[in-house]
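Q: Produce the entire structure from the sequences given, and follow the hints as far as they go.
Protein chains: 2
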Amino acid sequence: MKVGVLGTGVVGRTLADRLVELSNEVRMGSRSADGEAVTQWASAAGERGSAGTFADAADYGEVVINATAGMRSLDAIGTVDPWSVDGKVLIDVANPLDFSTGALKLSVCNTDSLCEQIQRALPGARVVKSLNTMNCEVMVHPEIVPGDHVAFVCGNDEGAKQTVADLLGTFGWPAERVVDLGGIEAARGAEMILPLWLSIMMKKGGGRFNFALLGG
Amino acid sequence: MKVGVLGTGVVGRTLADRLVELSNEVRMGSRSADGEAVTQWASAAGERGSAGTFADAADYGEVVINATAGMRSLDAIGTVDPWSVDGKVLIDVANPLDFSTGALKLSVCNTDSLCEQIQRALPGARVVKSLNTMNCEVMVHPEIVPGDHVAFVCGNDEGAKQTVADLLGTFGWPAERVVDLGGIEAARGAEMILPLWLSIMMKKGGGRFNFALLGG
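Residue numbers (the numbering used here), protein chains in the order written: chain G, 18 to 233; chain R, 18 to 233.
The hints are simulated quantities; they were obtained by calculation from the structure and are not laboratory data. There's no promise every hint is true.
Identical copies look the same in the list; a pair holds intra-copy or inter-copy alike.
[As the list claims (entries may be wrong)] Derived lysine-lysine pairs resembling DSSO-like cross-links, with alpha carbons at most 30 Å apart: (1) 221 - 19; (2) 220 - 105; (3) 122 - 220; (4) 122 - 19; (5) 105 - 19; (6) 220 - 19.
A: In structure tokens, the structure reads:
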């Protein structure tokens, strides 16, 4: 499958590497197609990897992943031609973490979410929030955390959520551990878990953990 | 131990019943000491239960629990004499859930929390956020959810968090499943998990579940 990965940070590179390893063809998108991070990645990725702008990567992918830093996601998404992603599954794994004031806060929450902002910016895309509630190593290798921890999906298109669950399956997520939270408004809750996640990460001194749901 | 429980709703009654069952003396506080809910509870609770105002219950307890509805918590807390809770452990189990607009939102989040508002209103109290991330049946009988799910505590007083962990131990929570998130600012994260909790509750059709932390 052709996948466009927006973002050249550790999350984007980790996802893109795993997708290439799993025989997908990946175009990583950056602000400029000849940026150092994106060209280095493409060069190391081999014949299944290529570099482009955010718009190039979104146009290239059958599935598109937003792995940009949350505070920059809307700028990146704003450069994408909406028609180029019409009908495509767009997986938003970003978190609107705003460290600009020194203290942690989210740039959007409670009555809106980054995921909904992205959906409004690209109304023809089938946007699914997923994987934002964990470290990127856990995203692509769930087996590094023992036990039945979970990945959430939410969005307004059932087929798109199934596509995401299938892709997560190739990463190693069993279907029964992909938990559908409902429509895209549920992305508020998925994003609002980040302050708790960060408290736990600081306590544990690392990100190789995840949430499980017991009972019910 | 003498415990003041503020709030006569299902959360307050469930906690108060369990505390009485465990041989604590409990005064439940309500807006008026002769309100129907609070007098009925005290009458059913027997000799270890009594009824009062919010202020009476806070004054009575060696430990005080805020189990009022989150949107009413500051009004209830505002009737408490700050000197009456000086140095006391105050456990805040409430969530600032605001359903007034039809859609779910929190009345405070991100850069502040209900727990911090309560701490500012009662600066001499040793406020600890705990138990707000689960259904009240799970709070007092963790064994109804199988497995190593967790309860969070946070607050600025280490001794107060230990007192809460000990009290949770009498409910059935092993010490290793009481997770200290750090200072009182971590209450933002604990409260912001509620939208996700509610999405899961709606999906499961009930509240008898809880989060576990795996790995790390």
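Q: How do residue 221 and residue 19 come out at 30 Å by Cα distance, when the copy is not named: within, between, both, or neither?
A: neither (37 Å within a copy, 35 Å between copies)
Q: Is the C-alpha distance from residue 122 to residue 220 at most 30 Å within one copy, between copies, in both cases, or in neither?
A: both (18 Å within a copy, 28 Å between copies)
Q: Between the shortest in-copy and the shortest cross-copy C-alpha distance, which are at most 30 Å for residue 122 and residue 19: within, between, both, or neither?
A: Neither: 35 Å inside a chain and 38 Å across chains, both beyond 30 Å.
Q: With identical chains treated as interchangeable, where does the CA-CA distance between residue 105 and residue 19 reach 30 Å or less: within a copy, between copies, both, or neither?
A: within (11 Å within a copy, 60 Å between copies)
Q: Evaluate residue 220 and residue 19 at a C-alpha cut-off of 30 Å and name the case that applies: within, between, both or neither.
A: neither (39 Å within a copy, 33 Å between copies)
Q: Between copies, within a copy, both or neither: which fits residue 220 and residue 105 at Cα up to 30 Å?
A: For residue 220 and residue 105, the Cα distance is within 30 Å only across copies (26 Å; inside one copy 39 Å).
The structure fails hints 1, 4, 6 (numbered hints given earlier, in ascending order).
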